[in-house]
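Novice: Sequence:
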Amino acid sequence: MIPALLTLFMKQKYILETYDQILKEIKNPKIVFDNDFVAFLENCSAESYLIYKVDFVKQNGETKYTIKKPIHNLHPKATEINGKQCEPTSEFEEYISEVFEKLEINHLDANLRWCSKNDSNTLYILQEIEISNLSNELRFFLYCYHSLKNENDKIKKINKATIFNLKSKERVEQYIHKKQYALENLANKLIKDINPINSSDIYRFSSNYDKIDCLKITYIYLEKLLRFVEKEFKNYLNVNIQIPYRSILVKEFEITDKLKELKSRLLGSNINDQLLKLAYEPLLKIATINIQEKLTYYDFNYCSDFILILHHQIDFENITEEAIKDCLFDLNFNSLQFSIALLWIFQRN
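Residues in the sequence shown are numbered consecutively from 12, following my numbering.
Among the clues, some could well be false.
In silico BS3-like links for lysine-lysine, alpha-carbon gap of 25 Å or less [as the list claims (entries may be wrong)]:
no., residue 1, residue 2
1, Lys242, Lys189
2, Lys203, Lys235
3, Lys171, Lys160
4, Lys64, Lys167
5, Lys35, Lys69
6, Lys180, Lys165
7, Lys288, Lys222
8, Lys269, Lys288
9, Lys200, Lys35
10, Lys69, Lys113
11, Lys336, Lys269
12, Lys274, Lys336
13, Lys242, Lys288
14, Lys189, Lys222
15, Lys168, Lys180
16, Lys167, Lys178
17, Lys222, Lys79
18, Lys262, Lys222
19, Lys165, Lys35
20, Lys160, Lys178
21, Lys203, Lys75
22, Lys189, Lys167
23, Lys200, Lys222
24, Lys165, Lys189
25, Lys88, Lys64
26, Lys235, Lys262
27, Lys245, Lys274
28, Lys235, Lys88
29, Lys235, Lys296
30, Lys178, Lys165
31, Lys235, Lys35
32, Lys245, Lys160
33, Lys245, Lys168
34, Lys245, Lys171
35, Lys160, Lys113
36, Lys75, Lys113
The following label-pair restraints were derived from C-beta to C-beta distances [claimed, not checked]:
no., residue 1, residue 2, range
37, Glu104, Leu319, 20 to 30 Å
38, Lys203, Phe264, 23 to 33 Å
39, Glu104, Lys38, 43 to 53 Å
40, Thr331, Gln70, 46 to 56 Å
Worth flagging that the hints you see were computed from the coordinates, not collected in a lab.
Positions of the beta carbon are idealized from the N, C-alpha and C atoms, including for glycine.
Model the full assembly from the supplied sequences, consistent with the hints where possible.
Specialist: Pasting the structure below:
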């Protein structure tokens, strides 16, 4: 690393300093007092209320409704409530008092918001609550969430300004790679600490708002930073760094139909077993990836391109070994197994 760039890095604040501080607080909650959380959260919003979501559905002339657990308006998954207070939709008005009775809420202490979309009608009941009346666990979780959200905004602005002042591609690449390594290392540590049951578990919160929930929200916002770097500076990325799982999900959504069709057609074809294994391997890697496995940008991009090119080039009515070989050549596929498969096909012919 050139001396001038090294000096720049030494002067600059560590990108994840606030993340490290919050992780210390998660592991040692006694170092922060509850009163600090109250004051902090009161500054985040002028309002504090619980949101009860009630979904009404009409089936075979009968009206049914379900009541979801309440969520605080400062929660990361809280629905953004728009519109003014309104009167209930006439056909569901008779159920309102029943809902309030089940929730044990005085209707005078709540505001109503209605949302109608297609065949569903949703009632949002907003019940004001003081921040100080929330549980200690929920207050700390909300504190972590809003601290990280604010910190991400600062980090994005600082990094954009810093990169703007770097005058060469080499400096930008070194800067981006350094940030990627820091983000990746902390993300991997968090995954180990959380130890999610499956890939979707990392994005779900319990109603206990315990230590694991706080670690999850920390990971989610760390992942947001990784995706920010990926989107804003894609030409400077270190492709040997692990790709964020969210990025995999977004891309996977785009290719899922092609992936399913290829898997089905390949397994039903009569091509050479060794060639089939080679062609099927990239498909399997995408289809079975989970959050605890390391998949680099390079590997993921290769597998994705393989799926798109193979789907485009082969004739599904007549999948041939020649088409598979051409696709592998187009992707510069180079492996001992591929060479063995080609030799076997050559000898057979």
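Novice: Confirm or reject each hint.
Specialist: Evaluation of the provided hints:
With a C-alpha separation of about 16 Å, the suggested pairing of Lys242 with Lys189 holds against the 25 Å cut-off. The suggested pairing of Lys203 with Lys235 holds, with an alpha-carbon distance near 18 Å, which does not exceed 25 Å. Between Lys171 and Lys160, the direct Cα distance comes to roughly 17 Å. Compliance with the 25 Å bound is thereby established for this hinted pair. In summary, the hint linking Lys64 to Lys167 is not supported, as the alpha carbons are separated by about 34 Å, beyond the 25 Å threshold.
Only pairs whose Cα atoms come within 25 Å are accepted, and Lys35 paired with Lys69 is rejected, the gap being roughly 50 Å. Between Lys180 and Lys165, the direct Cα distance comes to roughly 24 Å. Compliance with the 25 Å bound is thereby established for this hinted pair. As the CA atoms of Lys288 and Lys222 are separated by approximately 43 Å, the hinted pair breaks the 25 Å bound. Between Lys269 and Lys288, the direct Cα distance comes to roughly 18 Å. Compliance with the 25 Å bound is thereby established for this hinted pair.
Taking the CA atoms of Lys200 and Lys35, the gap is about 14 Å. The hint holds against a cut of 25 Å. Only pairs whose Cα atoms come within 25 Å are accepted, and Lys69 paired with Lys113 is accepted, the gap being roughly 20 Å. Note on Lys336 and Lys269: the hinted pairing holds, with a Cα-Cα distance of about 19 Å set against a maximum of 25 Å. Using a Cα cut-off of 25 Å, the hinted pair Lys274 and Lys336 holds, with the two alpha carbons roughly 17 Å apart.
Restraint check for Lys242 and Lys288: not satisfied, since their Cα atoms lie roughly 33 Å apart, outside the 25 Å limit. Between Lys189 and Lys222, the direct Cα distance comes to roughly 29 Å. Violation of the 25 Å bound is thereby established for this hinted pair. The suggested pairing of Lys168 with Lys180 holds, with an alpha-carbon distance near 20 Å, which does not exceed 25 Å. Simply put, Lys167 and Lys178 have alpha-carbon atoms about 19 Å apart, close enough for the 25 Å limit, and the pair holds.
A threshold of 25 Å between alpha carbons decides the hint, and for Lys222 with Lys79 the separation of about 24 Å falls inside it, so the pair holds. Between the alpha carbons of Lys262 and Lys222 the distance comes to roughly 31 Å, so the proposed pair goes past 25 Å and is violated. About 20 Å separates the Cα atoms of Lys165 and Lys35, which keeps this hinted pair within 25 Å; it holds. At most 25 Å may separate the alpha-carbon atoms for a hinted pair to count; Lys160 and Lys178 exceed this at roughly 30 Å.
A distance of roughly 43 Å separates the Cα atoms of Lys203 and Lys75; the hinted pair therefore is violated under the 25 Å criterion. Pair hint Lys189 plus Lys167 holds up; C-alpha atoms about 15 Å apart against a cutoff of 25 Å. Distance check on the hinted pair: Lys200 and Lys222 sit about 15 Å apart at the alpha-carbon level, within 25 Å; holds. Between Lys165 and Lys189, the direct Cα distance comes to roughly 18 Å. Compliance with the 25 Å bound is thereby established for this hinted pair.
With a C-alpha separation of about 12 Å, the suggested pairing of Lys88 with Lys64 holds against the 25 Å cut-off. As the CA atoms of Lys235 and Lys262 are separated by approximately 16 Å, the hinted pair is consistent with the 25 Å bound. Distance hint between Lys245 and Lys274 is unfulfilled; the C-alpha atoms sit about 30 Å from each other, more than 25 Å. A C-alpha spacing of about 15 Å is found between Lys235 and Lys88, which places the hinted pair at or below 25 Å, so the restraint holds.
Note on Lys235 and Lys296: the hinted pairing holds, with a Cα-Cα distance of about 24 Å set against a maximum of 25 Å. Straight-line distance between C-alpha atoms of Lys178 and Lys165 comes to about 22 Å, which keeps the hinted pair within the 25 Å bound. Restraint check for Lys235 and Lys35: the C-alpha separation of about 21 Å stays at or below 25 Å, so the hint holds. Note on Lys245 and Lys160: the hinted pairing holds, with a Cα-Cα distance of about 23 Å set against a maximum of 25 Å.
A C-alpha spacing of about 17 Å is found between Lys245 and Lys168, which places the hinted pair at or below 25 Å, so the restraint holds. A C-alpha spacing of about 13 Å is found between Lys245 and Lys171, which places the hinted pair at or below 25 Å, so the restraint holds. Between Lys160 and Lys113 the CA atoms are separated by roughly 35 Å; this puts the pair beyond 25 Å, and the hint is violated. The suggested pairing of Lys75 with Lys113 holds, with an alpha-carbon distance near 14 Å, which does not exceed 25 Å.
For Glu104 and Leu319, the hinted distance range of 20 to 30 Å is not satisfied, since their beta carbons lie about 53 Å from each other. Range check, Lys203 to Phe264: Cβ separation about 27 Å, and the 23 to 33 Å hint holds. A beta carbon spacing of about 50 Å between Glu104 and Lys38 agrees with the range 43 to 53 Å that was offered as a hint. As the Cβ distance of Thr331 to Gln70 is approximately 51 Å, the hint placing it in 46 to 56 Å holds.
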